[in-house]
Amino acid sequence: MGKVKIKRKSTLIDMTAMSDVTVLLLTFFMLTSTFLQKEPVTVITPSSVSEMKVPTANLAQVLISPEGKVFISIAGEADPNVADGEWGSEPIRKEILTKAVSEYNKLHPNKKVELTEADANAFSKINMFGVPFQALPTFLRMSQTDQDKVISDMSRADVGIPIDDNKDLTKPNEFQIWMRAIYSSGNDNLQSAMKKGEGIAVKADQTTPYSTVHHVLDNLQTLKMNRFSLMTALKTEQD
Amino acid sequence: MAQIEQSDKGKKKKGAQKKMQIHVDFTPMVDMNMLLITFFMLCTTMIKSQTLQITLPTNEKVEQEQMNKAKESEAITLIVSTDRKENGDIKKDDDGRSKNIVYYFTGQPMLVDDNNDGVLEDSNLEREVFLGNEGSTQRGIRKILHDRNKQVLAKIDDLKVKWRNKEFSPNKDKNDSIYQAKAKEIRNDSTLTRPVVVIKATPEASWESLISALDEMQINQISRYQIDNINHNDSLMIEAYVRKHGNN
Numbered sequence: 000m001g002k003v004k005i006k007r008k009s010t011l012i013d014m015t016a017m018s019d020v021t022v023l024l025l026t027f028f029m030l031t032s033t034f035l036q037k038e039p040v041t042v043i044t045p046s047s048v049s050e051m052k053v054p055t056a057n058l059a060q061v062l063i064s065p066e067g068k069v070f071i072s073i074a075g076e077a078d079p080n081v082a083d084g085e086w087g088s089e090p091i092r093k094e095i096l097t098k099a100v101s102e103y104n105k106l107h108p109n110k111k112v113e114l115t116e117a118d119a120n121a122f123s124k125i126n127m128f129g130v131p132f133q134a135l136p137t138f139l140r141m142s143q144t145d146q147d148k149v150i151s152d153m154s155r156a157d158v159g160i161p162i163d164d165n166k167d168l169t170k171p172n173e174f175q176i177w178m179r180a181i182y183s184s185g186n187d188n189l190q191s192a193m194k195k196g197e198g199i200a201v202k203a204d205q206t207t208p209y210s211t212v213h214h215v216l217d218n219l220q221t222l223k224m225n226r227f228s229l230m231t232a233l234k235t236e237q238d
Numbered sequence: 000m001a002q003i004e005q006s007d008k009g010k011k012k013k014g015a016q017k018k019m020q021i022h023v024d025f026t027p028m029v030d031m032n033m034l035l036i037t038f039f040m041l042c043t044t045m046i047k048s049q050t051l052q053i054t055l056p057t058n059e060k061v062e063q064e065q066m067n068k069a070k071e072s073e074a075i076t077l078i079v080s081t082d083r084k085e086n087g088d089i090k091k092d093d094d095g096r097s098k099n100i101v102y103y104f105t106g107q108p109m110l111v112d113d114n115n116d117g118v119l120e121d122s123n124l125e126r127e128v129f130l131g132n133e134g135s136t137q138r139g140i141r142k143i144l145h146d147r148n149k150q151v152l153a154k155i156d157d158l159k160v161k162w163r164n165k166e167f168s169p170n171k172d173k174n175d176s177i178y179q180a181k182a183k184e185i186r187n188d189s190t191l192t193r194p195v196v197v198i199k200a201t202p203e204a205s206w207e208s209l210i211s212a213l214d215e216m217q218i219n220q221i222s223r224y225q226i227d228n229i230n231h232n233d234s235l236m237i238e239a240y241v242r243k244h245g246n247n
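Going down the list, the protein sequences come from chains D and E. According to numbering that gives the first Met the number 0, the first sequence is numbered sequentially starting from 0. According to numbering that gives the first Met the number 0, the second sequence is numbered sequentially starting from 0.
Calculated directly from the structure, the hints in this document are not laboratory data. Among the clues, some could well be false.
[What the hints assert, rightly or not] Sample of chain D residues with no beta-carbon within 12 angstroms of chain E, all distances over it, derived:
{"#": "1", "residue": "G87"}
{"#": "2", "residue": "K110"}
{"#": "3", "residue": "I125"}
{"#": "4", "residue": "G185"}
{"#": "5", "residue": "Q190"}
{"#": "6", "residue": "K223"}
[Stated by the list, open to error] Calculated lysine-lysine pairs in the DSS-like style (CA-CA distance at most 27 angstroms, straight line):
{"#": "7", "chain 1": "E", "residue 1": "K159", "chain 2": "D", "residue 2": "K234"}
{"#": "8", "chain 1": "D", "residue 1": "K194", "chain 2": "D", "residue 2": "K166"}
{"#": "9", "chain 1": "E", "residue 1": "K181", "chain 2": "D", "residue 2": "K234"}
Ideal placement from N, C-alpha and C gives every residue a C-beta, glycine not left out.
Same shape as in the complex, but just chain E (with noise of 0.2 angstroms):
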């Protein structure tokens, strides 16, 4: 392979040179290719970041009546946090994963203080946890958005049917954007019920699990979300969940 020969066609001409065999030894190439293989190998990365887009209200005071207050039976309000060991780091269940808690109400909050002693007895908190989907069924807390935006994702599955038959066009791109286009849409139709979902995280949350919180909104196609302040009221609340419920 690497070597070379030069045959000598037909007869042997006089004073012709012998026949010769030029042999290249690869091996140093190798050693250098396996040497820049490892370089890149080492300094690149093939992973490309993923980004999940948010916006924020600005921080400027709003007047009271531009505040479009949510309607008492579309409102949700998640507080998520991460259970803690004492020195502060994250317990983590069998699989290694993290335990992101989110504690949840829906409408305003019910707080139930019989003795008025500023300590509550209950409250229409619950509690839940982030879950993956097991086949197509929903668990966690993502069930109960998804039962809450059943109107808009019912819409949008029918939608995903026609986008993945390419029905708006043949064209790849073209048949995403107007699939894109219609899934807005029907996302911000004020004629469906939709939720409006309040996300707060305790001081103990962790980056991830309000990551994990705004993924629920995209997952179950919710376009009314807003992040906010944990308050007095629901610190209380998740206090008075963990005495009567204890802690797991």
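Bound-form chain D, shown alone (with noise of 0.2 angstroms):
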């Protein structure tokens, strides 16, 4: 009996056409989506049926974490043509940074804060901060790891910026003081979009105690900045 002869075949698959797919995927996926931005704590916000989106520029966002602590991130003018790439985020916050620490030291003569120009250049790296302003120069100097370490501890006393219930500007508290330097920071543009409410967005939990983040809203009362959004999810009128 003859044998059968098994003809051999090449295994070889061609990539050619998978190639194409991932290409195209991947070119999708860079194009509609955005980066996620670092925070301290991951907060599920309350959903409604507004359907204004967030500003991506000219924002002064604020974090409220469960426990109460406060978080702020700046973003400048996303487009580097506008106002020749003066205002790009990280100028306006080593701006606001000067403004808010010689603030704080004309307040506070016994504890002055004394920062280097690399403590500014570290700070206008980072997205969203939340420490005392006693304890930034410890903070500014630390590795990246380091501080993504030290601010999400919320056990931590030296992390969140100190807020309480002052309602006497001519003695502000630490989030008076950012809130009031980050309005006079010289850009025009986040300026008014803080007068028109699209500047300032407030992020908290939906599980989070009403009584912790209206204390938040009562300090922006009381700057009177009493116009800002409030961040949420999408819902439909059915749900």
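These two chains come separately, so use the hints to put the complex back together.
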């Protein structure tokens, strides 16, 4: 009997089509999505029917953790052609830091905070900050991984911007110093956005007690920044 | 596909090269692309947050005359609260949604305290919940607010029909902006009976419950509302309600 000869077939699979598909998918993801911003705590925002989108530029975002710790993130102009590239996020953060620290030093002459140029540069790279002024120099001189570790540890006393029920603007608390510095940073776009109520966004978890969030809203009212937006997720009237 | 065939046309020339097959292996390319896709999928988000814009009054002391007192017949007070377990965790219903409650009363609070001991026996407080629409019918607190703002909503519904048919302008953006302006006019039309809503929150209320209340203002096109602090009478009324009707 004759042996059945099995023809050797090449196992090469043509990957060209596969590569086409992956490149298409990649392009899609690159064009449609935006990068996640690093935040100290992940919060799930409550949902509303409002369809207004949160702006990506000229925005001061106030994040409130369930423990009541407050963090601020500042985004400048996204388009470098506007205002001659003068007000991207990094220069604006530096400007705000200088303003806020000098204001703090004026109010607390005995406990001055001294920052170097390198510290200011480090600050301008941080998306969301939230440490008391006294802890700023040590925090900014840490490595980035250590910074992340410190800021996401909600049990630490030196995390979160200190906030209280202060109504006297001649003796502002640290949150009020920051918000005022952001408002008067010299960036007209940011200032007008804040006046219109688009420039300030308050973000909090849906399970956070209202009394915690109320603290921040009350402070904003004291600062006469009584127009602002609340971050929500989308839902329909059927939900 | 990935191979290039060099076919020689015509007759074989002398010294011409042999038919060559160039095969490019795309597997590493696909590997790399897959890694990149994974990276983008994990590090980016497609969801853009929505915002709800609100305007609060300033904290400055306002003169009594300047305070525009709401007409009693138009006023409705909502007190939002959230059902919590003893350890402070939020109670969830069967669908996994948190139990947000809204107490409400219209006009002035009516306190019934027969024996004057500071503990109320009854009040005009009612309890409702936040519920989504079923089809096109409103339920829960939305129905109550809807009924109180009927005149405005009827006009806005007419407007919506026109907006959908693009009667204001064939241009989409222009159509939208005209619709928005007209809707705002209707919302602020003082000839219609419009409710004035005061929103208060108990200490247990979650952020979600307050947002839900603000959301109802949007849905029901209520332009006059404010957020206020809860006072002693409000807590007494809730206490009396719970004592009388139980916790559910």
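Now the hints, each set against the structure:
Its beta-carbon lying about 20 angstroms from the closest one in chain E, G87 of chain D satisfies the requirement of being farther than 12 angstroms from that chain. Under the 12 angstroms C-beta cut-off, the non-interface status given to K110 of chain D relative to chain E holds; the minimum distance is some 28 angstroms. Every CB of chain E is more than 12 angstroms from the CB of I125 of chain D (nearest about 18 angstroms), matching its label as outside the interface. The beta carbon of G185 of chain D sits about 24 angstroms from the closest Cβ of chain E, which is more than 12 angstroms, so the claim that it is off the interface holds.
The beta carbon of Q190 of chain D is kept farther than 12 angstroms from every beta carbon of chain E, the shortest such distance being approximately 17 angstroms. Interface exclusion of K223 of chain D from chain E breaks down, the closest Cβ pair being 5 angstroms apart, not more than 12 angstroms. A threshold of 27 angstroms between alpha carbons decides the hint, and for K159 of chain E with K234 of chain D the separation of about 20 angstroms falls inside it, so the pair holds. Between K194 of chain D and K166 of chain D, the direct Cα distance comes to roughly 20 angstroms. Compliance with the 27 angstroms bound is thereby established for this hinted pair.
Between the alpha carbons of K181 of chain E and K234 of chain D the distance comes to roughly 25 angstroms, so the proposed pair stays at or under 27 angstroms and holds.
This entry does not satisfy hint 6, going by the numbered hints stated previously; all others are met.
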